[in-house]
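**Q** Convert by adding 19 to the 1-based position in the sequence shown; the result is the number in this note's numbering.
Please keep in mind that the hints were generated in silico from the structure rather than gathered at the bench.
In this text, a Cβ means the ideal position worked out from N, Cα and C, and glycines have one as well.
Keep in mind that a hint or two might mislead.
[As the list claims (entries may be wrong)] Simulated restraints, written as ranges between beta carbons of each label pair: (1) K58 to V142: 41 to 47 Å; (2) K202 to Y71: 37 to 43 Å; (3) D73 to K164: 21 to 27 Å; (4) S186 to S139: 20 to 26 Å; (5) T145 to S75: 15 to 21 Å; (6) P124 to D92: 26 to 32 Å.
[What the hints assert, rightly or not] The calculated BS3-like cross-link candidates involving lysine-lysine, where the alpha carbons are at most 25 Å apart (straight line), are: (7) K187 to K147; (8) K191 to K147; (9) K170 to K187.
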Amino acid sequence: ESTRLLYLFIPSAFPPSLARFRNPNGDVIIKPILEFLEKTNSSFLVNLYPYYIDSSIHKGFAFFEDPFSYVDDSSIIQVRYGNLFDVMVDAVVRSLAVMGHENLPVVVAETGWPSWSSNSSEVYATPKCSQRFLNALVDHLRAEKGTPLRKEGASEVYIFELCDNESKQQSKRTWGLLDYHLKTKMNITFFLDHIPEMEKKFIQLNYLVIVCMLFLAVISTVAILTCPSNIVSAW
């Protein structure tokens, strides 16, 4: 089981070159974890959610859109960032370097965007914004440009999550690529356009298998809950 750290352990991503892990958490909690990861040749897993960053930041910056950018001029060489995701990744990279683990691979274990919220103040929790962010993220990762502080960028990035979760509150329940009925909510263009046809079919087949397994899991759960106890015990 891997340990994923929340981004709140870093007080501020701006500027990335001055980012640090929050103390005393940095020395007490994170330092031993980093030492263990280094010894075991493992990666540092972190959840990055541009959606939750300071509302004063223009959402165009979160959506990877020009001409929104940020210049980190805290060091001798000015560095320009074209999107919020790279700022957050480099804040993690710099925080790791300060702790003496600058070469530790960074894996974004969770990132995404909600498609709906019962809270009227969350005006950007819409299917349009969710699709906008995810497609822009995929395009950005496909370009393989890395970040200013790490040329290879994050070694892996995982989108949160596959299905909506109605047990959660407000926007936390609608981060899925699929809705509660396992139906696609939006059109996300993944890395299929430059993949050989056989590999593309294999990926699509795996996706179908995952959806079918989820469907069977739901059906099995409903069957167990609705069957008489003597039948359940016989299973």
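**Q** For the pair supplied as a hint, K170 and K187, confirm whether the alpha-carbon distance does not exceed 25 Å.
**A** violated (37 Å)
**Q** Starting from the hint 26 to 32 Å, judge whether the C-beta atoms of P124 and D92 obey it.
**A** Once the Cβ atoms are compared, 28 Å apart, the range 26 to 32 Å for D92 and P124 holds.
**Q** Can the suggested window of 15 to 21 Å be confirmed for the beta-carbon pair T145 and S75?
**A** holds (20 Å)
**Q** Please check whether S186 and S139 have a Cβ separation lying inside 20 to 26 Å.
**A** holds (22 Å)
**Q** Under the criterion that the straight-line Cα-Cα distance not exceed 25 Å, is the pair K187, K147 satisfied?
**A** Holds. K187 to K147 sits at ~21 Å (cutoff 25 Å).
**Q** Range first: 41 to 47 Å. Now tell me if the beta carbons of K58 and V142 are that far apart.
**A** holds (46 Å)
**Q** Could you say whether the range 37 to 43 Å given as a hint is met by the Cβ separation of K202 and Y71?
**A** Violated: the Cβ-Cβ distance is about 26 Å, outside 37 to 43 Å.
**Q** Keeping to a limit of 25 Å between CA atoms, is the pair of K191 and K147 held or broken?
**A** Roughly 17 Å between the alpha carbons, so the hint for K191 and K147 holds.
**Q** Between D73 and K164, is the Cβ distance one that fits in 21 to 27 Å?
**A** holds (25 Å)
In this structure, the earlier hints numbered 2 and 9 are contradicted, and the remaining ones agree with it.
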